[in-house]
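Line by line, the protein sequences give chains A and B.
With the working numbering, the residue at position 34 of the first sequence is 52, and numbering never jumps.
With the working numbering, the residue at position 107 of the second sequence is 847, and numbering never jumps.
Note that these hints are calculated values from the structure, not bench results.
Each hint should be verified, as a subset may be incorrect.
Output of the computed footprint for chain A on chain B, the stretches with three or more beta carbons under 8 Å from beta carbons of chain A [as the list claims (entries may be wrong)]:
(1) 795-801
(2) 838-849
Rough simulated footprint, nothing fancy, chain B against chain A, three-plus residues with beta-carbon under 8 Å [said to hold, decoys possible]:
(3) 82-93
(4) 96-105
Each residue gets a CB set at the ideal place from its N, CA and C atoms; glycine is no exception.
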Amino acid sequence: MEELDPQQQLRLAERVYATLRVGQDMGPWERVLTPADVRAYAAAIDDENPWYLRNSAQEPTVCHPAMTAPFGIWLFQETRSKILGDPEPPLVGVHTAAYHHYTNPVPVGKRLIVHGKVVDKYIRNQRYYVVVEFWTVDEDGRDIVHITDTFLLTPVRILEKADQV
Amino acid sequence: MVESTREPEVGSELNPVTKMAKNTARGKGIHDDARARALGFNRAPVPGVTSLAYVMEVLLNFFGESWTNGGNISLTFTNPLHEGQRVTARAIVRDKKVEDGGIRLFLEVWAENEEGTKVAEGMASGLLPSVDSL
Chain A
19 MEELDPQQQL RLAERVYATL RVGQDMGPWE RVLTPADVRA YAAAIDDENP WYLRNSAQEP
79 TVCHPAMTAP FGIWLFQETR SKILGDPEPP LVGVHTAAYH HYTNPVPVGK RLIVHGKVVD
139 KYIRNQRYYV VVEFWTVDED GRDIVHITDT FLLTPVRILE KADQV
Chain B
741 MVESTREPEV GSELNPVTKM AKNTARGKGI HDDARARALG FNRAPVPGVT SLAYVMEVLL
801 NFFGESWTNG GNISLTFTNP LHEGQRVTAR AIVRDKKVED GGIRLFLEVW AENEEGTKVA
861 EGMASGLLPS VDSL
């Protein structure tokens, strides 16, 4: 990934902020979580609960619900990449808040389909924020989780640019 | 601390979870030390979703797998958490209400570093199934 200075970061953030509109749809984006994914995730977060390690017909693998947390981030990054015309844009954002509401356990081995919609965008403390709602259903159409994420498009403040002009 | 086999009182704390924070997205985006420093951070922050997972572990340990049937959590990532810092996820019961199928607990939740600074904070809820519905 090409590295950019803060002012270049800010210019990319401005483009994304200006292009995204409230009500804009994102996705769909799909992913299948395997027992191996679940084990790897449990190891990454040091969660030794045996739910994540078992894998039999009698005791199927249980998926940690937080494994759905990055789905929206990845879908948002994909949307951002399309706006900037770069598969790996050097824009560096920060995830600042998350709301998750689960309606069913996250299934292992089934297709998970994620849709998103921009629900708000605003400038606070000279920084650009975007709020996106994501909802995930499985391949049978079963509702799994609704997530609302708030993204800071760049930690660089708009004022810093004005100061340099 | 409260065991999951009994209904907790308002004000009681669920069993906390303590970890050594891991940067689960090392090298990506803001989670890279050099990139984070260039943008005003002291070093790369651990992803917020990792703090979220630590707090969820407290809830899952108490409510069990059923937490994913109607459980919710809202967290704001208030301060950076860094790899290698000791982080403790906590939950305190703030209210409870009877609803179909059981009692819903409303909890204040957060994750704090070893200095006691909150790195993530918010609210969560989960349903304790009634004995009849088990």
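8 Å C-beta criterion, at least three residues: is the stretch 96-105 of chain A covered by chain B: violated (count 0)
Within the stretch 82-93 of chain A, is the number of residues with a Cβ closer than 8 Å to a Cβ of chain B three or more? With 6 residues close enough to chain B, the hint holds.
How about the stretch 795-801 of chain B: do at least three of its residues have a C-beta closer than 8 Å to a C-beta of chain A? holds (count 4)
Count the residues of the stretch 838-849 of chain B with a beta-carbon closer than 8 Å to any beta-carbon of chain A: does the count reach three? violated (count 0)
In summary, the structure is inconsistent with hints 2 and 4 from the numbered list given earlier, while agreeing with the others.
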